[in-house]
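4 protein chains.
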Amino acid sequence: MGWVHEIRVSWGDCDPARIAYTARIPWFALDAIDAWWLSHLGQGWYQLEIDRGLGTPFVNMNIDFLSPVTPRHMLECDVRPVALGKTSVAFRVTGRQGGKICFEGRFVCVFVTPSDFTKCAPPPDIGALLAEHMAPDEPEAARGAQQQA
Amino acid sequence: MGWVHEIRVSWGDCDPARIAYTARIPWFALDAIDAWWLSHLGQGWYQLEIDRGLGTPFVNMNIDFLSPVTPRHMLECDVRPVALGKTSVAFRVTGRQGGKICFEGRFVCVFVTPSDFTKCAPPPDIGALLAEHMAPDEPEAARGAQQQA
Amino acid sequence: MGWVHEIRVSWGDCDPARIAYTARIPWFALDAIDAWWLSHLGQGWYQLEIDRGLGTPFVNMNIDFLSPVTPRHMLECDVRPVALGKTSVAFRVTGRQGGKICFEGRFVCVFVTPSDFTKCAPPPDIGALLAEHMAPDEPEAARGAQQQA
Amino acid sequence: MGWVHEIRVSWGDCDPARIAYTARIPWFALDAIDAWWLSHLGQGWYQLEIDRGLGTPFVNMNIDFLSPVTPRHMLECDVRPVALGKTSVAFRVTGRQGGKICFEGRFVCVFVTPSDFTKCAPPPDIGALLAEHMAPDEPEAARGAQQQA
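Protein chains in written order, with the numbering used here: chain P, 1 to 149; chain E, 1001 to 1149; chain V, 2001 to 2149; chain L, 3001 to 3149.
Everything labelled a hint here was simulated from the structure, so no lab data went into it.
The beta-carbon is built from N, C-alpha and C at its ideal position, and this holds for glycine as well.
One should not assume that every hint holds.
[Claimed, not checked] Pairs of lysine-lysine, DSS-like flavour, derived with a Cα cap of 30 Å:
#1 L:K3119 x V:K2086
#2 V:K2119 x V:K2086
#3 L:K3119 x L:K3086
#4 P:K119 x E:K1100
#5 L:K3119 x V:K2100
#6 P:K100 x E:K1100
#7 E:K1086 x E:K1119
#8 E:K1119 x P:K119
#9 L:K3100 x V:K2119
#10 L:K3100 x V:K2100
#11 P:K119 x P:K86
#12 P:K86 x E:K1100
[To be verified] Some chain P residues well away from chain L (every beta-carbon gap over 10 Å; in silico):
#13 V4
#14 S10
#15 H40
#16 V82
#17 R106
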């Protein structure tokens, strides 16, 4: 496991099936990525955009839903950068409750100048930060299986 | 274009970048799929679960974000079933504003009995309904290109 | 009844009690007020803020929840301005489903210049528009009772 | 100050005015009340409803918005029960950021049996718990002024 962001799942996150509504899961994952930035860089998306003039809009998200999320446990979101391109970065987020993987997602963002939404390279300190924390680009489930083998 | 569900994007859907927040897009897409059920079957997820005892939880979503969504235009969500398995169904949703594709997503659901969350085959009328509306399993962008070729 | 904004309540709006989650109700009411602006002025909050440099932040909301909101019916939100001050405006929103009042709320906004968040008088056209549509400052329930008396 | 629930305000909570969207504030306040139950009783709304068969739907909320909420600070929500009726309970929630009061709200709930939504008295342990933590039924702002006087 890498860096983990904890989320308290509440009544209002759940639907009549008594589990977190599917559309809340990407929301949780994005909150976890935002928290990764704030924790590692000292700036979340809000500070990046407003104080620094850097946007990181998403171009793709791909999520497997493996087990329901409920308020019975904290939701532990493992976040890690897994690929760094010239103008893009990919994160993987794995959500666990009570030791069980609930979802695995891969998210690709591009770096842009907010004023005109044009792609740009990440600033050197951000490129270095991402490179430093780069993890294998594979699901946690696969990694766990490899470690056991 | 197939069946279209219109969504009014509002101020509260937008983030400080002045565009709909990324985590709202899957929410819009799911609302559109729910509306597809209600329009075609006469039952949305609420009625399916509570009146009929059938759940259709998601196992995967994969979304490409192609252009920002804003309150400047209605969001037109084209919804179509594209694959039917023994216990699963896949939908594609294409979101357009002002004629421009904003996002393309593919969503896979399984049929379950809500009481114990076990997979099941879709009831015959639902299987027939999905089969009747089945569309090619490819993005709209690709379909548009083929039609022009 | 005055001007009505219709909202489609969906599965994802509901909590495990199988009714719309309480915190969704103010969201619906605000969407209805935003829709009032767009319909009457041709500009919603997004256009007011970005194109015109006028903000209308809320200073108070007071909502009575009278009956559960569900996906069984459309939610009809009756919106009407009920008080106009030098730098403020109040709206009442009444939510109905199937002819039954589900909630009644009163919302007070102030006019501000977005750049520095200082209060200002509404522009003349907006003051005139609000004055023109001004309704009695009382709940619908009370109005209905009076009409019957 | 009484018991405090901390909320991390994120990018996705903010609107184009760069502050938390008004409709997010009641959501935050409700999350804080749910967290009060979980922390004091060991059961939040989810456990109360599903494990214990007790619902606490809202009948009124009244919120003053005093200062914008942003991601610059944690949002500290002070929650306290302030009135206990035969079948109802009222909470006050005060939201602070960086020492400044952002909002003050009063929320009234009733106790119901979820199966038929009929009002009931709170179970003895819950009545005792609420009585034990009862605080003055007045805004924090007023209490602060009194303490200084």
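Here's how the hints hold up against the structure:
Between K3119 (chain L) and K2086 (chain V) the CA atoms are separated by roughly 43 Å; this puts the pair beyond 30 Å, and the hint is violated. For a cut-off of 30 Å, the pair hint linking K2119 (chain V) to K2086 (chain V) stands: about 10 Å separates their Cα positions. Of the supplied pair hints, the one linking K3119 (chain L) and K3086 (chain L) holds, its CA atoms being roughly 10 Å apart against a limit of 30 Å. Among the hinted pairs, K119 (chain P) with K1100 (chain E) is consistent with the structure: their alpha-carbon atoms are about 20 Å apart, no more than 30 Å.
Proposed proximity of K3119 (chain L) and K2100 (chain V) is supported: the alpha carbons are some 20 Å apart, at most 30 Å. Distance hint between K100 (chain P) and K1100 (chain E) is unfulfilled; the C-alpha atoms sit about 41 Å from each other, more than 30 Å. For the hint pairing K1086 (chain E) with K1119 (chain E), the CA-to-CA distance comes to about 10 Å; that is within 30 Å, so the pair holds. Taking the CA atoms of K1119 (chain E) and K119 (chain P), the gap is about 44 Å. The hint is violated against a cut of 30 Å.
The suggested pairing of K3100 (chain L) with K2119 (chain V) holds, with an alpha-carbon distance near 20 Å, which does not exceed 30 Å. Among the hinted pairs, K3100 (chain L) with K2100 (chain V) is inconsistent with the structure: their alpha-carbon atoms are about 41 Å apart, more than 30 Å. Between K119 (chain P) and K86 (chain P), the direct Cα distance comes to roughly 10 Å. Compliance with the 30 Å bound is thereby established for this hinted pair. For the hint linking K86 (chain P) to K1100 (chain E), the alpha-carbon distance of about 27 Å falls within 30 Å, and the restraint holds.
Chain L leaves V4 (chain P) outside its interface by the beta-carbon criterion, the shortest separation being 14 Å against a cut-off of 10 Å. Not every C-beta of chain L lies more than 10 Å from that of S10 (chain P), the closest at about 5 Å, which undercuts listing it as non-interface. Distance to chain L confirms H40 (chain P) as a non-interface residue, since its nearest Cβ pair spans about 15 Å, more than 10 Å. The claim that V82 (chain P) lies off the interface holds: its Cβ sits roughly 21 Å from the closest Cβ of chain L, which is beyond the 10 Å cut-off.
Even its closest Cβ contact with chain L, about 19 Å, leaves R106 (chain P) beyond 10 Å, as expected for a residue assigned away from the interface.
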